Each structure stands twice: as structure tokens, then as C-alpha cells.
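Just so you know, the sequences run in chain order A and B.
Quick note on numbering: my numbering labels position 56 of the first sequence as 56, and the sequence is numbered without any gaps.
Quick note on numbering: my numbering labels position 89 of the second sequence as 89, and the sequence is numbered without any gaps.
Rather than coming from a laboratory, the hints here were simulated on the basis of the structure.
Predicted, not measured: the structure shown is a model, and the values here were computed from it.
We treat Cβ as the ideally placed atom computed from N, Cα and C, and that holds for glycine.
There's no promise every hint is true.
Unchecked claim - In silico SDA-like cross-links for lysine to any residue, where the CA-CA straight-line distance does not exceed 25 Å:
#1 B:Lys79 with B:Asn27
#2 B:Lys42 with A:Leu13
#3 B:Lys45 with A:Arg109
#4 A:Lys57 with B:Asn94
#5 B:Lys2 with A:Gly42
#6 A:Lys44 with A:Asn65
#7 B:Lys42 with A:Thr20
#8 B:Lys2 with A:Tyr100
#9 B:Lys42 with A:Ile54
#10 B:Lys45 with A:Thr86
#11 B:Lys42 with A:Pro8
#12 B:Lys2 with A:Val88
As the list claims (entries may be wrong) - Far from chain B, some chain A residues (derived; all Cβ distances over 12 Å):
#13 Arg11
#14 Gly16
#15 Ser18
#16 Leu43
#17 Asn62
#18 Tyr64
#19 Asn65
#20 Ser69
#21 Thr71
Claimed, not checked - Computed Cβ-Cβ distance ranges for the label pairs, DEER-style:
#22 B:Ala67 with A:Pro83: 39 to 49 Å
#23 B:Gly9 with A:Lys14: 16 to 26 Å
#24 B:Ala67 with A:Thr20: 44 to 54 Å
#25 B:Cys40 with A:Lys44: 16 to 26 Å
#26 B:Tyr70 with A:Val113: 36 to 46 Å
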Amino acid sequence: NAGVTQTPKFRILKIGQSMTLQCTQDMNHNYMYWYRQDPGMGLKLIYYSVGAGITDKGEVPNGYNVSRSTTEDFPLRLELAAPSQTSVYFCASIGGGTFYGYTFGSGTRLTVV
Amino acid sequence: RKEVEQDPGPFNVPEGATVAFNCTYSNSASQSFFWYRQDCRKEPKLLMSVYSSGNEDGRFTAQLNRASQYISLLIRDSKLSDSATYLCVVPLGNQFYFGTGTSLTVIP
Chain A
1 NAGVTQTPKF RILKIGQSMT LQCTQDMNHN YMYWYRQDPG MGLKLIYYSV GAGITDKGEV
61 PNGYNVSRST TEDFPLRLEL AAPSQTSVYF CASIGGGTFY GYTFGSGTRL TVV
Chain B
1 RKEVEQDPGP FNVPEGATVA FNCTYSNSAS QSFFWYRQDC RKEPKLLMSV YSSGNEDGRF
61 TAQLNRASQY ISLLIRDSKL SDSATYLCVV PLGNQFYFGT GTSLTVIP
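Please put together the full structure from these sequences, using the hints given.
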């Protein structure tokens, strides 16, 4: 049972490039979330999904897109990378609503230069 | 007003000390509460859940005060390995709101 798996672990992008951060969970969780964490700061919600085909914006969605075609996968897309998107990105999931705590992936450390 | 507020610290305590962190939340509708631990450059990991007045797990005690809308985390007999950032998390609706974290360093 792998839990929440994020790939890649590290990535350096040039300004204007695009990339997709992958997130997969094998716990059959309905709820999935993408957060970013800047150095010394708290986690900020980018997008979340309460089930396949359903996504919603969080606090900081600009510059990102998501899709949820299956229960297992919740990829995050950066279309035109900017230095302000340099951050650590965490994917998380929960099974039955917000009564239970998250399971987090190990994170993707992204640098935009 | 922020949904969740924590004292950022840092807290520097000697080994064996007792330390407590507080966290206040703004929405009285929240029903469950969580403390997460985050080590440097790692993902947050669930430490404790609080659904009623409190919860205890070994050296860790979490308490909830609904009237004053705060939760606390008490760590007894601090170990060097307790050094980390402790995040208070409050769900509301389909979202979780994170505090900015309280930094703890346990000193030999």
C-alpha cells in the first residue's frame, strides 16, 4: 500500500515552460488536494477535488490547472512557469470527508529560473 | 481574521521540559481538529486528532476548548526527536485550514 505518491521529487523549470506534477493514491480516497508551501510559510490550498470529475479552486489557483478523470489520479498543471511558482508542492488525500486527517505525499520541490 | 492562528515561536526548550502550543480558530462550526508534525523539508504527518474535549497519546496531549475556540498541544518530557514544526489544522466544509506552524527546538 503506497499511500499518496508524487512525481517528480525535484524539478527545475525555465520561465515560460510547462509541466505536470503527478499525484496518485491507492487508498480509494474521494477527496484530493494540492497545496504549495513557500519557505518558512504555511500551506496554501491551490485546488481540490471531492471526486472524479469534480474540481474546485482553493486560495491560490492562478497559474495552475487540475483535472480528475479517475479516483486515483489528480495531476496539477503549470502552463507558463513563473519564478513566483518556486515552492514545494504537496498532494494530499482523505477518504470520507474532512472528519479524518490527511495523508500527504512526500512533495515535489520546484524551482523556476 | 485568519481561519487558524498559531504562535510561530520559536520555542527552544531543554530536554525533559514540558511545552504547550496554542491554536485559535475562527469558525465555531468546525467539528474536528488536528495537530500535524512537519520536519524540515518533509511532508506534514498526522500527530493527533481531536474530536471532543481532548486526546492523549503517550507524552502528547491535545485539548479542545470550544467555548474559547482554541486547541492546545502539550508535550511532556521533551525529546531531541520532538524538534519540528507543529501545524494546527481545522477543517471546514470540504477544506482544511492550516496554521502557519509553531517551531520547536529541543536542546540537549
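Verification of the supplied hints:
Simply put, Lys79 (chain B) and Asn27 (chain B) have alpha-carbon atoms about 34 Å apart, too far for the 25 Å limit, and the pair is violated. Of the pairs offered as hints, the one joining Lys42 (chain B) and Leu13 (chain A) holds, with about 21 Å between alpha carbons and a cut-off of 25 Å not exceeded. For the hint pairing Lys45 (chain B) with Arg109 (chain A), the CA-to-CA distance comes to about 18 Å; that is within 25 Å, so the pair holds. Distance check on the hinted pair: Lys57 (chain A) and Asn94 (chain B) sit about 11 Å apart at the alpha-carbon level, within 25 Å; holds.
A distance of roughly 12 Å separates the Cα atoms of Lys2 (chain B) and Gly42 (chain A); the hinted pair therefore holds under the 25 Å criterion. Restraint check: the Cα-Cα separation between Lys44 (chain A) and Asn65 (chain A) comes to about 15 Å, which is no more than 25 Å; the hinted pair holds. A threshold of 25 Å between alpha carbons decides the hint, and for Lys42 (chain B) with Thr20 (chain A) the separation of about 21 Å falls inside it, so the pair holds. Taken as a hint, the Lys2 (chain B) and Tyr100 (chain A) pair is honoured in the structure, with Cα atoms around 22 Å apart against an allowance of 25 Å.
Restraint check: the Cα-Cα separation between Lys42 (chain B) and Ile54 (chain A) comes to about 29 Å, which exceeds 25 Å; the hinted pair is violated. A C-alpha spacing of about 23 Å is found between Lys45 (chain B) and Thr86 (chain A), which places the hinted pair at or below 25 Å, so the restraint holds. Restraint check for Lys42 (chain B) and Pro8 (chain A): satisfied, since their Cα atoms lie roughly 15 Å apart, inside the 25 Å limit. Of the pairs offered as hints, the one joining Lys2 (chain B) and Val88 (chain A) holds, with about 22 Å between alpha carbons and a cut-off of 25 Å not exceeded.
Look at Arg11 (chain A): its CB is around 15 Å from the nearest CB on chain B, clear of 12 Å, so calling it non-interface holds up. No beta-carbon of chain B is positioned within 12 Å of the beta-carbon of Gly16 (chain A); the least distance is around 27 Å. Every CB of chain B is more than 12 Å from the CB of Ser18 (chain A) (nearest about 25 Å), matching its label as outside the interface. Taking the minimum C-beta to C-beta distance to chain B, about 5 Å, the non-interface status of Leu43 (chain A) is violated against the 12 Å cut.
Consistency note on Asn62 (chain A): stated as away from chain B, and its beta-carbon is indeed over 12 Å from all of that chain's, at 17 Å minimum. No beta-carbon of chain B comes within 12 Å of the beta-carbon of Tyr64 (chain A); the shortest separation is about 16 Å. Chain B leaves Asn65 (chain A) outside its interface by the beta-carbon criterion, the shortest separation being 19 Å against a cut-off of 12 Å. For Ser69 (chain A), the condition that its CB be more than 12 Å from all CB atoms of chain B holds, with the nearest at approximately 19 Å.
Listed as outside the interface, Thr71 (chain A) is consistent with that label: its C-beta sits roughly 16 Å from the nearest C-beta of chain B, beyond the 12 Å cut-off. In this structure, Ala67 (chain B) and Pro83 (chain A) meet the distance hint of 39 to 49 Å, their C-beta atoms being roughly 45 Å apart. Between Gly9 (chain B) and Lys14 (chain A), the C-beta spacing of about 37 Å breaks the proposed range 16 to 26 Å. At about 46 Å, the beta-carbon gap between Ala67 (chain B) and Thr20 (chain A) stays in the expected band of 44 to 54 Å.
Taking the beta carbon of each, Cys40 (chain B) and Lys44 (chain A) are about 19 Å apart, inside 16 to 26 Å as hinted. Hint check: Tyr70 (chain B) to Val113 (chain A), Cβ distance near 42 Å, so the stated range 36 to 46 Å holds.
Consistency note: the structure conflicts with the earlier hints numbered 1, 9, 16 and 23.
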